[in-house]
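Enquirer: Chain by chain, the residues:
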Amino acid sequence: MRTSLLLEKHLKKQLLEFMEDREEPFSISLLVNCCLQPIPATMIRDMLCKLVDEGEVIRIDDERYMATRVLMKKWLRQKIKRNEEDVNFDELEVPRNLFKEISKLLRERPELGYIDESDFIRDAIRRSLYRR
Amino acid sequence: MPKTVAKTEAEYVFVKIPKSLLDEVDKAIGKHGYRSRTEFIKDAIRNLLREYGVYRSESE
Chain A
913 MRTSLLLEKH
923 LKKQLLEFME
933 DREEPFSISL
943 LVNCCLQPIP
953 ATMIRDMLCK
963 LVDEGEVIRI
973 DDERYMATRV
983 LMKKWLRQKI
993 KRNEEDVNFD
1003 ELEVPRNLFK
1013 EISKLLRERP
1023 ELGYIDESDF
1033 IRDAIRRSLY
1043 RR
Chain B
4 MPKTVAKTEA
14 EYVFVKIPKS
24 LLDEVDKAIG
34 KHGYRSRTEF
44 IKDAIRNLLR
54 EYGVYRSESE
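Going down the list, the sequences are from chains A and B.
In this text, residue positions in the first sequence follow our numbering: the first is 913, and each later residue adds one.
In this text, residue positions in the second sequence follow our numbering: the first is 4, and each later residue adds one.
Any given hint could be a false lead.
Stated by the list, open to error - From the structure, some residues in chain B lie toward chain A, with a derived Cβ separation under 8 Å:
hint : residue
1    : P21
2    : N50
3    : L51
4    : Y55
Honestly, the hints are just simulated from the structure, not real lab data.
Here a beta-carbon is modelled for each residue, glycine too, at the ideal position from N, C-alpha and C.
Go ahead and model the full structure; you've got the sequences and the hints to work with.
Expert: Here is the structure:
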């Protein structure tokens, strides 16, 4: 019983590692073919179902699966890229002495929550616009 | 001419700001008596620095 549980745990770990290395969807037959040791397809299918239930793997259609982590990474990469493309930036000149004052304030008071000087300047502009 | 370039490089830092925000600034400049975008932004920065208790003299 204990051996069986250990084997199951080992298989689960190995399958997950293999799946998280694949950027594209995969099928059960691919998993069976890629196993170094002969493992019955039913065992792999059962493990895959367990991983789907646990949220580690997503079933895309009747045949194809993908690791949730890989899918999330792909989605986030695309989202970040889209956001960067959506915002057009322009360069603005700021007096160096004012910029230094901002840098000093951000160093001394990180609790204010500004990411960098540009973040502070954007907030200053917004406050100034909305105050009027 | 070279003097102006040298002065700009030494005294100014270039910061990237979303164009949409700068468009709003451009609209506000005329309405509120500012002569330029830079003047508006300097004033906005000084105001926020003052809010956080950083003293800035009016002479700058």
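Enquirer: Please go over all the hints and tell whether each is borne out by the structure.
Expert: Right, here's what the structure says about each hint:
Annotation: interface hint on P21(B) holds; nearest CB of chain A at approximately 5 Å, less than 8 Å. Because the beta carbon of N50(B) sits about 6 Å from the nearest beta carbon in chain A, less than 8 Å, this interface hint is met. With 8 Å as the threshold, the beta carbon of L51(B) comes within range of chain A, its nearest partner Cβ sitting at about 4 Å, so the hint holds. Satisfaction of the interface hint for Y55(B) is found here, the shortest Cβ-Cβ separation to chain A being roughly 6 Å, below the 8 Å cut-off.
In the structure shown, no violation is registered for any of the earlier numbered hints.
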